[in-house]
Amino acid sequence: MIAAVQKAFESNFFYQFRRDPVAVGSASVLLIFVAMAVLAPLIAPQNPYDPLQIDLMDSEIPPVWQQGGDERFVFGTDPQGRDMWSTILYGTGISLLIGVFAVMLQAVMGVSMGLVSGYVGGRIDSFLMRLADIQLSLSTLMVAIIALAVFQAAFGAELYSDLAIVMLILVIGIAEWPQYARTVRANVLAEKEKEYVDAARVIGLSGRRIMFRHILPNTLTPILVISTVQVANAIVAEAALSFLGLGMPVNQPSLGSLIRNGFDYILSGQWWITVIPAIVLIILILAINLLGDWLRDALNPKLYKET
Amino acid sequence: MDTLAFLIKRLGQAAVVMLVISIIGFSIQDNLGDPLRELVGQSVSEEVRDELREEMGLNDPFFVQYWRFLTKAVQGDLGTSYFFKKPALEVIMGKFPATFELVLAATFIIIFVSVPVGIYCAIHPKSFFSRLAMAVSIVGISVPVFLTAIFSIYIFAIYLDWLPSYGRGDTVDLGFWRTGFLSLDGLSHLILPALALSSIMLPLFIRLIRGEMMEVLRSEYVRFAWAKGLHPSRVYLLHAFKNTLLPVITVGGVQVGTLIAYTILTETVFQWPGMGFLFLEAVNRVDTPLIIAYIIVVGLIFVITNTIVDLVYTMVNPMVRITGVKG
Amino acid sequence: MALLEVRGLEVAFPLRAARLQALRGVDFTLEEGERLGIVGESGAGKSMAAYAILNLISEPGRISGGEIWFDGQRLDTLSNDEMRGIRGNRIAMIFQDPMMTLNPVLTVGTQMIECLAAHRTMSEAQAQDLCIAKLREVAIPSPEARFNAYPHELSGGLRQRVVIAIALLLDPAIIIADEPTTALDVTIQAEIMGLMMELCDNHRVGLILITHDLAVVSDVTQKMLVMYAGRVVETGTTAQVIARPAHPYTRGLLQSLPQKNTAGGMLNQIPGTMPSLAAVPSGCAFHPRCEHTDARCSSELPQLRAVGRRMVSCHHAEALK
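Protein chains in written order, with the numbering used here: chain A, 1 to 307; chain B, 308 to 634; chain C, 635 to 955.
Just so you know, the hints here were simulated from the structure itself, not pulled from any lab data.
Please read all numbers here as calculations on a predicted model, not as lab measurements.
We treat Cβ as the ideally placed atom computed from N, Cα and C, and that holds for glycine.
Computed list of chain B residues with no C-beta within reach of chain A, every gap over 12 angstroms:
# : residue
1 : Leu318
2 : Asp367
3 : Phe407
4 : Val422
5 : Pro423
6 : Leu489
Chain B stretches covered by chain A per the calculated footprint, using a threshold of three residues with CB under 8 angstroms from any CB of chain A:
#  : region
7  : 447–453
8  : 457–464
9  : 568–575
10 : 594–605
Chain A extracted, bound-state conformation:
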């Protein structure tokens, strides 16, 4: 496995990376976001979830550069008097957390299904791929909206808000496994024909061992490329669900729920409550997408293609 990673990251790779300002820029932006999210408790001026630190008297203060701004609140405050900068730091963390865990779930499910499908073949293969087709055509967002709406109606809003983070990871994670399964399967089919797999079989290695020790490492590059784009998609899906009120609750907001909170006030002129988290979300997604595009061009893996 290490050898394959090294193969993908040959010195040429880093050389190309350093020469491309878009790649360096988007990777830096992404790193800054991750650092912000991880260090949120340390760098945020206030803990927006601690009622003792929030003063309702501070509500709806515009950002510092506008008239009426307060230098304690760089990006202003929301109607509950919470510091926008602090809520954004914490919200980015929640968005990233859901995105990364959902994608890990997708990858584990998709890769195992893809390996089984490609290696075993036959009826299991055609069944899994048929399932993948149907799943993909149903659209993740539609499935997630309906599933979460049903859960919310079944559990009641109170209980649901405690479970929201787990539900979001599960729903977004389960809905997108076919992306991985198809690509891994295609790669397995291609690798299966190669000599080293025959050699492994000849010396009597078991099917499972061949899959995990020999075939899987060769599919790491496409998995890496897909994962980048998938994290962006998962964060967008989470934001959309939270915006609809089916995701993170107000007292534990992700970027999506911050935008939802602010949307009620945009018509009355308090634009910053919506627009600032929205811009943060867009920059985060753009950085990941640009990095994903660059990785795809640089590593040029075998990806599943619709025909």
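Given chain A's structure and the hints, the job is docking chains B and C onto it.
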């Protein structure tokens, strides 16, 4: 593939999807709230309740109850909305025209912008306009649809005050259909929601058309078309584009479900009185029959549009021509 | 003046990293009804020479030097619109793989009629009659039915016949055929080649046949051109070159052919491979693979010069002849 096999495959797939949806719908009905309480309230004694349960068939085995649900559903009876006190299907279908017109307008924008831009970018990949279009499209793909909606409201409705920000405006009642296409006010209300709904599909299709067409342009049959001395417009628009269409239609079919999901987001932001907006309201009110009705109607729309997409595909691609004679 | 005359043709691919020179000065002529074979390994530039005549080189390649004269008209300076009048009309092309040459989503009829419509004005019915007549001429059974068929409904052999019919549709002066039978089943290769020869004779069409198959060249052409790394290394009448090759490369090619009289013996292969365009050896490009190499070969570029009744570019041609 002959016609019969195609129809069987199509119907089989549709049946599976609808079966799954109906089971989901039925389980929701079974688990969300107590149908008895909705009817008689809490004041009735336990014995009377049991009697009523028996009478309503709520103690019947799962499959008997499911079968009853299914036969009713097939006849168009999906229960009565708790909130509107009207048949759920009737409530949903009343909102169908609004959603349909929004999707139609967005689809028009997507097709009439992405096709020419995608073709141009494929033919002149190095031109300034192509580079600009590609840069804008990666930004476009990164802006979630509800943010495009919010920003367009903020800019065009609040800041510039050019266009209305919410609702459908004046509509004309055609008896069976309430349309916003026939009044200036209705059309002006349609512009922002339709643009927002198309905003995320547009860059996707531009990139797709460009990529597929660039590949087709390198093909041997396009070179042969040039060697025949054909006019460039014929080479690009017939020889190359017709082949580009095949993968684009396939991907387009997959996007139908996503587009329906985006109508929920768009309608929520613009308070567009369509099915998606209604659905979210129903979720908040725990109006179970309405939730079920929405899921089933959306499932049907999904199955129908996918069949249409398949038919269009077979029309463009002679290799899967369902009524062709094999040589 | 010959019908087609190519002088000092150069084709370059200006890439960001380097400028690749695909053709480095190629000369040849073709008379009316004459048949010329261009041979060489893949990468020698033989297809490039043919595509350059019709200015069909793929981006970013372009003609960077030389002149192409056809029927008293200079082709390499024509605009795209003017060139279009020549393509398919006066000079037609036949490509290697009939599976890839015909557009899969258009009927045979559409792909024939559009060619007529691009160059002539005639009624739909007239055009259809002409197309069906041509299909009959290339011996396609039940041409009326095939006219409305899609390419995937035809076999490889039938498809190549359709391509030939399209090439002959407007009675061109020259047909350029790029490996026209390579992709076909061995059993029908001879059949298709025979058909092409017969039709070229009947219509007095000149033929430029690009191939790596020396046997075919010796069967059907009157003149031949051997190319290596973007240059002509030997040219002359086919009979002469085949009988007594003067360039070591031509010899190598001939020796690697299975011979009737040496059945059972080993085939000789030329050691090594064609150099890439990015790293063409100095001097004679063939010298690293040649058994007669000396110091002069690696430093001085041999010019194409008359040796006997053919042209050769080898310092040792006289000695080897």
